[in-house]
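Given chain A's structure and the hints, the job is docking chain B onto it.
What follows is each chain in one-letter form.
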Amino acid sequence: MEAWRLPLSSSIRGKLISAGYTSLPSISSISSSDLARDVNITEEEAFEILRLAKQSSGSSSCNGSRSLINGAKNAWDMLHEEDSLPRITTSCSDLDSILGGGISCRDVTEIGGVPGIGKTQIGIQLSVNVQIPRECGGIGGKAIYIDTEGSFMVERALQIAEACVEDMEEYTGYMHKHFQANQVQMKPKDILENIFYFRVCSYTEQIALVNHLDKFISENKDVKVVIVDSITFHFRQDFDDLVQRTRVLSEMALKFMKLAKKFSLAVVLLNQVTTKYTEGSFQLALALGDSWSHSCTNRVILYWNGDERYAYIDKSPSLPSASASYTVTSRGLRNSSSSSKRVKMM
Amino acid sequence: IELFFSNLGQWSRGGVTTMAPLKHLEKENPILDACFRDFCASHGILTVEDFLLHDLYQLAAFSERQTNSDRLKEGITLMLSLIELQCRPWLNGLELLDDLQRNNHTLSTGDKGTDSLLQGGIREGQLTELVGPSSSGKTQFCMQAAATVAENHLGRVLYLDTGNSFSARRIAQFICSNSDAALGQTVMSRISCHTVYDIYTMFDTLQGLEVTLRSQMNVNEYRLQLLVVDSISSLITPILGGSGSQGTCS
Chain A
366 MEAWRLPLSS SIRGKLISAG YTSLPSISSI SSSDLARDVN ITEEEAFEIL RLAKQSSGSS
426 SCNGSRSLIN GAKNAWDMLH EEDSLPRITT SCSDLDSILG GGISCRDVTE IGGVPGIGKT
486 QIGIQLSVNV QIPRECGGIG GKAIYIDTEG SFMVERALQI AEACVEDMEE YTGYMHKHFQ
546 ANQVQMKPKD ILENIFYFRV CSYTEQIALV NHLDKFISEN KDVKVVIVDS ITFHFRQDFD
606 DLVQRTRVLS EMALKFMKLA KKFSLAVVLL NQVTTKYTEG SFQLALALGD SWSHSCTNRV
666 ILYWNGDERY AYIDKSPSLP SASASYTVTS RGLRNSSSSS KRVKMM
Chain B
33 IELFFSNLGQ WSRGGVTTMA PLKHLEKENP ILDACFRDFC ASHGILTVED FLLHDLYQLA
93 AFSERQTNSD RLKEGITLML SLIELQCRPW LNGLELLDDL QRNNHTLSTG DKGTDSLLQG
153 GIREGQLTEL VGPSSSGKTQ FCMQAAATVA ENHLGRVLYL DTGNSFSARR IAQFICSNSD
213 AALGQTVMSR ISCHTVYDIY TMFDTLQGLE VTLRSQMNVN EYRLQLLVVD SISSLITPIL
273 GGSGSQGTCS
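Taken in sequence, the protein lines are chains A and B.
Counted from 1, the first sequence has number 563 at position 198 by our numbering; the numbering is strictly sequential.
Counted from 1, the second sequence has number 106 at position 74 by our numbering; the numbering is strictly sequential.
This is chain A alone, in the form it adopts within the complex:
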């Protein structure tokens, strides 16, 4: 680190540099009286410079045993944090179990699949499920839905919200027998009110929105999930310069990671598929190329198996590879094998 980056007045900084002290290690090895004499400043100013130098070089000599660098966390503390991390249910218990309880907050999850497999349905289901209040086992947060394709249908969201409220009433009526069924405060309209919807029509708008999200979420701290449907649409056509596309996409991915970590929210990116020519045959692969595939923490691939829809965990740092089936019903996402109307909430 260079000495000119220290927060000092420009006259002192000028004196420091003209005396030959251009880098921090040279300042930190000298006593304040020597520094004051050399640079022709008062002793208080020299003391202040040394204090700033020690601070910015991050050396904490008093408790040097505890942390190697400022901000580093211990794995043991993180274990306890991770266990208490809330998860967003997908309303399909098979899918929840392979995801380890649901979509985890503080992670970027990429979900990709062929058209018509149910990506937008999962997006809408998650934006409704994130609002399930804590009494029913949810996390009680709001949702941001960024729509790039125009596939968000408000009527469908209302349908899913109504089904969710009915399930919640059934659940509370089942679990707390002495409560009345109308104890649940949420109405379908309240659920719709808590989904912040952004419609994006070009890639510049998409980049601008991602930059703006930090400020938006600082003002609306309840937001617990950001769904982007889909992340690829504006980047697949009209982008001549592939190098620039890679750069822009990786920067966007880093911004999402930062958001997820900073506000402890879940980021769900929906992706399309493309064909790739590998090993002599054409195979389906997620769009945006190999460099994008490194950018997310978890990846779930949706595919058809006969007549059933399946989800497969393709990439995860802590979950084993597994697949589970699900169906899309008029009430939203459900288990494919269960035919009963009662759905396990958590």
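For the record, the hints were derived by calculation from the structure and aren't laboratory data.
Note that the structure is predicted; figures quoted are calculated from it, not measured.
Mixed in with the good hints, there may be bad ones.
Stated by the list, open to error - Listed next, the in silico DSS-like pairs over lysine-lysine satisfying Cα-Cα at most 25 Å (straight line):
1. A:K623 to A:K507
2. A:K586 to A:K641
3. A:K620 to B:K170
4. A:K554 to A:K438
5. A:K623 to B:K170
6. A:K438 to A:K623
7. A:K438 to B:K170
8. A:K380 to A:K438
9. A:K438 to A:K641
10. A:K627 to A:K507
11. A:K626 to A:K438
12. A:K507 to A:K580
13. A:K641 to B:K170
14. A:K626 to B:K144
15. A:K580 to A:K623
Here is chain B on its own, set in the frame of chain A:
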């Protein structure tokens, strides 16, 4: 040259570092007095590093023109001998081989196949690069190595994570199942994790780490044995330029 410079940082007298101004040497070597320093300053030499980077023949030639040229030349020779004194003694190939056979400088990765491939494990003092397509197991390898080092080698591990892929639960699974919870806690507390999202933060972090490592606290059980960066390419890709269509650095 890298070795040379890093050893200059270990001046035994008065804690002077590489960038030390020349005046710090005056106490022990009176010949490097104000005249000498003024002469050096007129050529832009203020610190030991400047002295090394300067063309010394040119400096000697300029000193000829000064009235006190003998003293100046004595000063230059003394500077060079001081620098040589601080050099680490040479090692020949046989001594290096001896050292290799006697001391084990490798860290086991936790997987026998990889250990035999790397002939013992990850080497200390070297940079090991792990490359692979997405979801090929790079993060798993890193986490397993971190867990093994923390458990077997009794040293600390720093994990710099750029993609939220560090999972404490997975690390706990890698550490052999002990019924002793306290031991598990000690092992896990040796691993520290820090997230960086852009290349500038990474530089600052590494700089701060260097200062901490040079301090006296980096000994015995607090010694940092393994530094893992997962992954460096996600920090570099956003700033990569070049004219190639694949986005390679040219």
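To see whether the hints hold, each was checked on the structure:
For the hint pairing K623 (chain A) with K507 (chain A), the CA-to-CA distance comes to about 19 Å; that is within 25 Å, so the pair holds. In summary, the hint linking K586 (chain A) to K641 (chain A) is not supported, as the alpha carbons are separated by about 41 Å, beyond the 25 Å threshold. In summary, the hint linking K620 (chain A) to K170 (chain B) is supported, as the alpha carbons are separated by about 22 Å, within the 25 Å threshold. Only pairs whose Cα atoms come within 25 Å are accepted, and K554 (chain A) paired with K438 (chain A) is rejected, the gap being roughly 42 Å.
For the given pair, K623 (chain A) sits about 21 Å from K170 (chain B) by alpha-carbon distance, which is consistent with the 25 Å threshold. About 16 Å separates the Cα atoms of K438 (chain A) and K623 (chain A), which keeps this hinted pair within 25 Å; it holds. For a cut-off of 25 Å, the pair hint linking K438 (chain A) to K170 (chain B) stands: about 21 Å separates their Cα positions. Proximity of K380 (chain A) to K438 (chain A) is assessed by CA-CA distance (about 39 Å); at most 25 Å being required, the pair is judged violated.
Restraint check: the Cα-Cα separation between K438 (chain A) and K641 (chain A) comes to about 41 Å, which exceeds 25 Å; the hinted pair is violated. For the given pair, K627 (chain A) sits about 16 Å from K507 (chain A) by alpha-carbon distance, which is consistent with the 25 Å threshold. Distance restraint check for K626 (chain A) and K438 (chain A): the Cα-Cα separation of roughly 13 Å lies within the 25 Å cut-off, and the hinted pair is therefore satisfied. Distance restraint check for K507 (chain A) and K580 (chain A): the Cα-Cα separation of roughly 16 Å lies within the 25 Å cut-off, and the hinted pair is therefore satisfied.
Taking the CA atoms of K641 (chain A) and K170 (chain B), the gap is near 23 Å; set against the 25 Å cutoff, the hint holds. Of the supplied pair hints, the one linking K626 (chain A) and K144 (chain B) is violated, its CA atoms being roughly 35 Å apart against a limit of 25 Å. With a C-alpha separation of about 13 Å, the suggested pairing of K580 (chain A) with K623 (chain A) holds against the 25 Å cut-off.
Going down the numbered hints, you'll see the structure goes against 2, 4, 8, 9 and 14, while the others check out.
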